[in-house]
Amino acid sequence: MLEAILFYILAAVLLGMGLLVITRTNPIASALAMVAAFAALAALYALLSASLVAIIQILVYAGGIMVLMIFVIMLLNLHPDDLKPMRAKGWVVVLALTGVWGVVLAPVALIFFPAGSQPPAPLAEGFGGIFSVGEKMFSDYLFPFEMLSLVLLTAIVGALVLSKRKL
Amino acid sequence: MDSQTFTLINITVMTVVAWIVPLQFVPVFIWLERKGSAIIQDRIGPDRTGILGFRLFGMVQNFADVVKLLMKENIVPANVNRFYFMLAPFWAMTVSLLPLLVVPFAAPLDFAGRTVRFQAADLGVGLLYILSITSMGVFGIILAGWSSNNKFSLLGGLRSSAQMISYELSMGLAMVGILMVYQDVRMSSIVEAQGRLLTAWGHTLPLPHWGIFLQPLSFLLFLVASFAETNRNPFDLAEGESELVAGFHVEYSSVKFSLFFMAEYSNMVVAAFVIATLFLGGYQVPFASTETLRQNPQLTLSLLCLLVALLKGTAGLIFYKIGNRQRHLYAGVKRAEPFLFSGLCFAVALAALALLAMGLTMGLPAWMNGVLTVFLQVLCLSLKVLFFCWLFVWVRWTLPRFRYDQLMKMGWKLMLPLALLNLLVTGVIILTQK
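Which chain is which? The protein sequence lines are A and B, in order. Take the first sequence: its letters are residues 1 to 167, numbered as in the numbering used here. Take the second sequence: its letters are residues 1 to 434, numbered as in the numbering used here.
For the record, the hints were derived by calculation from the structure and aren't laboratory data. Please read these numbers as outputs of a predicted model, since none were measured by experiment. Relax, there's no trap hidden among the hints.
Output of the computed footprint for chain A on chain B, the stretches with three or more beta carbons under 8 Å from beta carbons of chain A:
1. 115–129
2. 137–144
Among the chain A residues that face chain B by a calculated CB cut under 7 Å, a handful are:
3. S51
4. I58
5. L59
6. G63
7. V67
8. I70
9. F71
10. M74
11. G129
12. I130
Glycine is no exception: its CB is placed at the ideal position from the N, C-alpha and C atoms.
Produce the entire structure from the sequences given, and follow the hints as far as they go.
Take a look at the structure:
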């Protein structure tokens with residue numbers, strides 16, 4: 001019961017903040033709404049017993065990436081004239097709303113017509129903690145993990161090449 | 001009362017305690033800073049404010065400051081972004097109080113069939129939680145700098161956020177060293193693991209199993225990074241009075257400024273707690289593990305009483321010397337006050353010794369063992385934390401400020417490679433020990 005209440009509160013915060021991200025004209029306001037959305041998302045992960053993912057969400061996205069984004073926004077020195085509200089075309093709005101409602105309604109349909117109603121199995125000890133995730137990551141998913149680090153390395157090298165032409 | 005209710009009450013109480021502790025350390029810290037800077041610069045420090053002539057060695061100055069800050073006009077400049085301008089100090093203060101939730105203040109105590117925990121949340125991701133909360137602290141400063149609509153503020157905010165991002169890396173990597181050594185990120189397990197004696201290649205050394213001995217380089221890096229993270233001298237370029245007036249909080253006054261001020265100090269208190277917990281054994285009494293203390297109540301009582309007697313005796317002596325030095329300057333309460341406090345301290349010291357004698361001759365009731373251990377461990381942790389608080393003061397008033405390029409060079413070209421090297425060496429040593 002408590003979990004359901006928490007879930008709906010957090011989901012409402014997440015959706016509200018997501019709307020703020022795309023409706024604010026001030027980029028800093030959008031970025032901060034995004035931080036709040038990430039925090040709500042992290043709380044949702046924590047509700048799903050994925051404590052490590054929740055904390056990484058805060059650490060990497062809210063604390064790391066968003067700080068860099070705000071940093072860039074502040075350095076851009078935007079003039080108020082650049083920040084006029086944008087008007088979307090009517091058919092884009094209709095299309096977007098339909099798409100969003102499709103995505104929202106699909107789970108609702110699943111609630112009314114459940115695919116199979118087995119009781120969920122109890123979680124293993126330490127599920128979602130640092131040990132179980134680490135074990136999976138460095139045994140079953142070692143190759144994708146290493147590939148991801150190579151992708152990141154590529155990004156770093158790319159940034160270096162772009163910024164330091166005369167290296 | 002069933003065990004679930006009990007746990008809930010326990011957690012609630014400890015949460016409140018974890019919020020109050022830094023708030024209580026802040027005035028002490030501010031007093032320590034003022035008197036410490038005075039001692040280092042050969043001044044007297046605050047000694048004018050008093051209540052009925054009682055000056056509490058300058059401590060009353062804090063009350064005067066609080067009254068001043070609360071009474072001042074709450075100015076909001078015309079062209080600021082009002083919502084974010086108001087949000088920033090609250091953000092800074094809130095974030096600075098959060099990390100202490102995962103720090104254990106004493107070993108869990110079994111009492112009347114229940115386990116009392118002295119830690120608000122024993123999270124499985126404890127260390128990462130601290131890192132993630134401190135990384136959220138940057139927003140307060142960025143917001144303040146940006147929303148003030150002032151070039152000095154913006155520069156201060158930019159400097160400080162760049163600095164915090166740079167030093168967070170070394171801080172995180174230093175934490176990874178601790179994580180590798182203790183093989184866990186849960187704070188309670190890390191502190192428990194520090195209660196043993198150090199063993200290396202099968203030899204037991206006469207040293208506690210503390211992070212500072214296992215990871216000396218990590219300790220140094222963490223210490224430097226925490227100075228940078230708390231925007232403290234020699235890394236306080238965000239404020240940089242000589243070039244930026246006051247940096248990100250130029251436009252703030254009255255309560256909003258005091259929130260920033262308190263957040264700065266409570267950040268340092270939290271940093272001191274984290275350093276003490278990760279590297280100096282947290283609540284562990286050196287060479288005496290929790291089990292040893294629990295099984296030998298006489299030992300615990302002697303340690304506790306002797307420590308209190310020693311501390312109070314030293315304080316009494318210092319107060320007496322202060323009184324003697326000032327006796328020809330003042331009259332009345334001002335003259336009598338240091339002697340009064342000296343007497344009180346000596347009385348407490350004597351009472352502690354008397355308690356010790358009583359406890360040793362008459363024996364102790366069984367339930368006292370655990371309680372005494374808790375007292376001793378909390379005292380031990382507080383002493384470690386106070387030492388680091390003093391270190392923050394000490395460094396601030398002895399070292400000059402870095403230049404900004406030096407700061408960045410040190411963060412990226414010295415500390416980061418050193419932290420990586422430390423991890424490599426640690427890994428090799430752990431492999432050879434297996």
